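2 protein chains.
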Amino acid sequence: MQELYDYLSNKVLLSPDAKDYLNTITSVKEFKKGRVLIKQDQVVNKIFFVLDGCLRSFIYDRNGKEHTLRFAVKNWWISDFIAIYFQQKSSQIVECIKDSRHVEFDVQSLDKFMLLYPEFGDFHRRNMERHIASLHSRILNQLQLSSREQYELFVEQHPDIEKHALNYHIASYLGITQQSLSRIRAAINN
Amino acid sequence: MQELYDYLSNKVLLSPDAKDYLNTITSVKEFKKGRVLIKQDQVVNKIFFVLDGCLRSFIYDRNGKEHTLRFAVKNWWISDFIAIYFQQKSSQIVECIKDSRHVEFDVQSLDKFMLLYPEFGDFHRRNMERHIASLHSRILNQLQLSSREQYELFVEQHPDIEKHALNYHIASYLGITQQSLSRIRAAINN
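Sequence lines, in order, name chains A and B.
First residue of the first sequence? That's 1 in my numbering, and the numbers climb one at a time after it.
First residue of the second sequence? That's 1001 in my numbering, and the numbers climb one at a time after it.
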């Protein structure tokens, strides 16, 4: 848990009391690559804060093809937020694409924590604001950039993810085929 | 302002005091179709809550082509949230695509309002949660659906926007050409 406090320390001032409470509502989990944390069609009541490793959220379309919504590495949050915020069963799968360690938050306890400690509520609000802005950027980039430009931006913004993810993870995040991704990489390296 | 209170009334319980304060930090504006509310490359300190009409946010890419990020009709919020949340100058343009009336919120005053009246802060948080979930859905739909399916979903979810927006607005929102949009509409109607 010290890693979570270290991360939070320059973002939000938590009292010893708040830290004690946080300890009672969280647990650190460690899983091997390939472990599925959220399955399709389940009730979702967990949010994961990554300490180490790499997680991925994705869906299967009706043809069984995977589409990657999000990766999460150290200090990122991940879950099926569509399921949580629209209060429906999960459509996404969340899996470890590397051996990973994360802090697991129960959604209801996290809500209660924010009510009890408004300073954490403010921190969460700023997180959501940045999340919204980055999603707006991603949508605009999907609309305006070529596949190559989107890949170059992805590598620039997420060099750590590019190292861990498989070709089809990245291709399915960018919305291109693995063949296109290979061509783009070859063109960049030549 | 009564329309804003009516909208808020079944979502958040505001004291008379909170309403009085809200009155001091907002103003209702009325503009003709074509009016630009946010220009490119400016400091953004306003968020708009639409009472009537239709607003649109979009960017120009380096070739001068437009890409639509968002529409906003009655009871929707709009601004350049990338500029506000990342504290940078605007990259988006926000314009009225119909004669419109909206409530204008100053960003700093809205932040202060949320601190003074936490019940509004909670309402804002739930709004942001739904916003995040709908952005996740949009990204997954962009990845997995055909252009025709995306258009059909858009019409189903936003029949009011489809009535007001021009062809190139919708095409630039879906990331397709106007010709493709015409073909899709013709195929649906035949």
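In short, the hints are calculated from the structure, not lab data.
Wrong hints could be hidden among the right ones.
What the hints assert, rightly or not - Facing chain B, a subset of chain A residues (Cβ under 7 Å, in silico):
id, residue
1, I25
2, I59
3, Q142
4, N189
These numbers were taken from a predicted model, which means no experiment stands behind them.
Positions of the beta carbon are idealized from the N, C-alpha and C atoms, including for glycine.
Hint validation: N189/A versus chain B, beta carbon distance must be below 7 Å. Holds or violated? 25 Å, violated
At a threshold of 7 Å, is the proposed contact between I59/A and chain B supported by beta-carbon distances?
6 Å, holds
Let me know if the C-beta of Q142/A comes in closer than 7 Å to any C-beta of chain B, holds or violated. 6 Å, holds
Under the criterion of a CB-CB separation shorter than 7 Å, is I25/A in contact with chain B as hinted? 18 Å, violated
Violation of the numbered hints given earlier is confined to hints 1 and 4; the remaining hints are satisfied by the structure.
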